[in-house]
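Let chain A serve as the given structure and place chains B and C on it in line with the hints.
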Amino acid sequence: MRPVIEVKNLKKYFPVANGVLHAVDDVSLSIGRGKTLGVVGESGCGKSTLGRTIIHLQEHTSGEIFLHGDDISNLKGKELRKVREKMQIIFQDPYSSIDPRKTVDATIREPLQVSKRYKRNEIDDVTTELMELVGIDNRLRMSYPHELDGGRRQRVGIARALALNPDFVVCDEPVSALDVSIQAQVLNLLKKLQQQRGLTYMFVTHNLSVVKHISDDICVMYLGQVVELCPSKELFKNPLHPYTKALLSAIPSIDIHNPNKPEILKGELTSPINPKPGCRFASRCNFATEACKQPQKLQEISSGHFAACCRVREIQ
Amino acid sequence: MLNTMAGKTQIKIKKKSEFMRTLKQMSYNKLAVFGAIVFAIELILVILAPLIAPYGYAEMDMAAAYQPPSWAHLCGTDDLGRDIFSRLLYGGRYSITMGIFSIGISVMLGIIIGSTAGYFGGKVDNIIMRFLDIIQSLPGMLLTIVISAVLGSGYINTILSLSVNGIPGQARMLRAQMMRVRGSEYIEAAESINCSKFRIIAKHLIPNSFSPLIVQATMGVANMIIMAAGLSFIGLGVQPPASEWGAMLSGSRQFIRSSPHMVFFPGLAIAITILALNLMGDGLRDALDPKLKR
Amino acid sequence: MSDEIKESMPFLEVKNLIVEYFTSEQTVHAVNGVSFKLEKGKTLGLVGETGAGKTSIAKAILRILPDVGARIAKGEVWLADENITRISEEEMRKIRGKKISMIFQDPMTALNPVQRVGDQIAEVVSLHNSGTKESFKKRAEEMLEMVGIQKERYGDYPHQFSGGMKQRVVIAIALACNPELLLADEPTTALDVTIQAQVLKLIDNLKEKLNTSMVLITHDMGVVATHCDDVAVVYAGNIVEYGSKEQVFDHPAHPYTIGLFGAIPNLGRDEEWLHPIEGLPPDPSDLPEGCSFHPRCNYTTEECKAGTIDMLATPDGHQCRCIHMDRVLKGEV
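Chains as they are written, first to last, in the numbering used here: chain A, 4 to 319; chain B, 12 to 305; chain C, 2 to 334.
Some hints here could point you the wrong way.
[Unchecked claim] Here are some of the chain A residues that sit facing chain B, going by a computed Cβ distance under 7 Å:
hint	residue
1	Arg84
2	Arg87
3	Ser99
4	Ser100
5	Ile101
6	Pro114
7	Tyr121
8	Leu151
9	Gln297
None of these hints come from the bench; they were simulated from the model.
Yeah, the Cβ is synthetic: ideal placement off N, Cα and C, and Gly gets one too.
With the rest of the complex left out, here is chain A (with noise of 0.2 Å):
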């Protein structure tokens, strides 16, 4: 079966003061239909501007974008508001992502007007539809957002990704404003819509705990590259590359009488502005050797199992 989402080389350079800034460089993956990757990494790793990247909220550098293996990498104009539909986001603030100004009512209904899809009175019922469907008081229809608390405008942000039945969404950090509590609520909503309309996520996150609950593959990122891709149990179980152990030591394990040990890395993330060819984590990396100062390939190192790491089968 082809994948919904096929990228390709992909490439987005932000030119700054001091240089060019790599913030997503050479990625490739795919995703197949009802599946969920995660993407996870630090923040600046590129991550969110990968999924923006890929649904045309930012124009890439290079690179092909393939949506149920049509090159859609190069639209414009009326063709590329056609495929937008089909490619939504859900984004991290509740706070930010949903104008102030704008009624529940108004914000779900807006999608709805733009896409000329449905006639007037359509369209009330279908964000009736809607607001049933995420979970929302029809009480509230009427309200602000400042009067509603972040996990029910989070689920407003929701309903307006899905008004126009968009077959893959970017999931950008939705619950990672939200406390505990409230998280699991719309983490179990994202996944029953997934279930029940066959949707694809791309899943940005920097917290592992929920990426391993919600995906099914993950893609760890690194300044800008993809250093480990693999199914998500496979990784947790698994793991080859050396920033990935470091990153899946250094989550506090709830588990008092099984702690993590945490293997604490040298330094900090360096600066991803005119970086060296070479691997990106050589410098914090505890195996680094000559070896990785030559540029580092993705390479299947078991079946499904891919990592960027010229050592990685002498560090096992």
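Then chains B and C, alone, in the frame of chain A:
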């Protein structure tokens, strides 16, 4: 889930128009209501000037010059013996409308120019802003005089020349606000659901950026009235004997020691108008902000 | 007071603390009768959701609630043998930064952007110690090295540091006067996991070296599990469960605590669905009667909806504010 269950009971939600909602919101603000009432009374008086005014606006009576307020002349008379009260009523027709229309035009053009610069940014922004810089680097009064001189005197021409002067300030203010709002995620969200640039500007950016403009505009009315006075002082603007508040004020300043009432009443009229407009402006700004909704 | 009693006394004791905020229309009950004890060198974790009143507790201990619109309505805070809610503001100023210091959540805003970081550390030292300018500077350099920043960076400004390094500077400032009590308000929430691990390790090491007690405020159960000795679960301005980490994690007795554990995706288990706590945290200006958790609780009976619910002892000896504890522990709904 708790809230879906409650959602089943289909409550009919009344959809009020934005305008009615704003009006209702404003009615909670006592000061704004007060301002509106004062302004309404002023408007009625001014409109009904021919019926109310005890004398004509150009009716001279040299024998009765410089008279302080009395029952015959409620606000006294000026150096030519004209009844100040009557002149204020007639003058208000020019002053109030000139102030409001010229600000109205400059706000409208300011919004168009400022939002173009603010939304597109980059080169477009640079060109527009440098052009505004040029306008603003000229002394405001001088610019108005030049334009007024080119267009000629008269009511409409005065309004136009006054409004040019107000545009850069409004445009700049809106642009700065829009720059701030433009980075918000909800603008990105609007893009992702295929809103056109025009819709984003009109429905999201402007409503979220224009409240400071309202306040600045109500303040601006006073400025415009004074500027209009300046114009008529040098022979542009509205021509005598037609009365106009600013002109009455500036024309009588040499008599401020001997007959202070000649300055006091036009000044008071301007002050009351500004106060009323400011109160209304504040109320309007708050009413437009859903966060302050009760 | 005899030495004998002093010995057994906790280092920090908070008794029945009540904090209220006022606006013209309403009173917000942020903290409603919180009591806990902390021994020298130990760490207490205050866990709870946004708006539960955790930060207000810390601010009340340090007496840095806003002057207007907030007050400590009731309660005592004992530091060693001194009731610091009673002393004058001037005496309190000597305690702040010297005996108690606080680490704030957001390192980006906690530092003065136009002052060199070294000077910011030296300033705190100079406020509480006598000495020469050079000695303050030397101490500041020591502190920088202690938190793993080269002392050559003394003259740098905050914008030249990354988020993790800024938080280290904040920690250096907090520890510059060897405080006996550290209030850490979500010290790592704004940081990435690998940096969080670095910073928490640093705090742990420094704490051990200086024998500092710590109140660690967090919403992350994982951080509590790895870095605290005792745990207090805060809900709607009240501690609903309080005990040692082992007691609370192994035998949680309050439905809210159990709910919190159920809502976190567990790395050790695979489950299709999470178990969220239904409903929303209550509005602190309009708390429900009785147990404030009752509208969201599966065990609620009529008795939960009225009066005050007291802390009760659980079978393993920790405290829990739930009258249906027995049913909860057996898992009967």
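Cross-check of the supplied hints:
Residue-level restraint check for A:Arg84 holds (minimum Cβ-Cβ distance to chain B is 5 Å; threshold 7 Å). At about 6 Å, the closest approach between the beta carbon of A:Arg87 and any beta carbon in chain B falls short of 7 Å, and the interface hint on this residue holds. Residue-level restraint check for A:Ser99 holds (minimum Cβ-Cβ distance to chain B is 5 Å; threshold 7 Å). Taking 7 Å as the C-beta cut-off, the interface hint given for A:Ser100 holds, the closest approach to chain B being about 4 Å.
Because the smallest distance between the Cβ of A:Ile101 and any Cβ of chain B comes to about 6 Å, under 7 Å, the interface hint for this residue holds. Interface hint status for A:Pro114: upheld, as the beta-carbon distance to the closest one in chain B is roughly 4 Å, under 7 Å. Among the interface hints, the one on A:Tyr121 is violated; its C-beta lies about 14 Å from the nearest C-beta in chain B, farther than the 7 Å criterion. The criterion of a C-beta within 7 Å of any C-beta in chain B is not met by A:Leu151, whose closest approach is roughly 11 Å, and the hint is violated.
Given the 7 Å rule on beta carbons, the hint for A:Gln297 is violated: about 38 Å separates it from the nearest Cβ of chain B.
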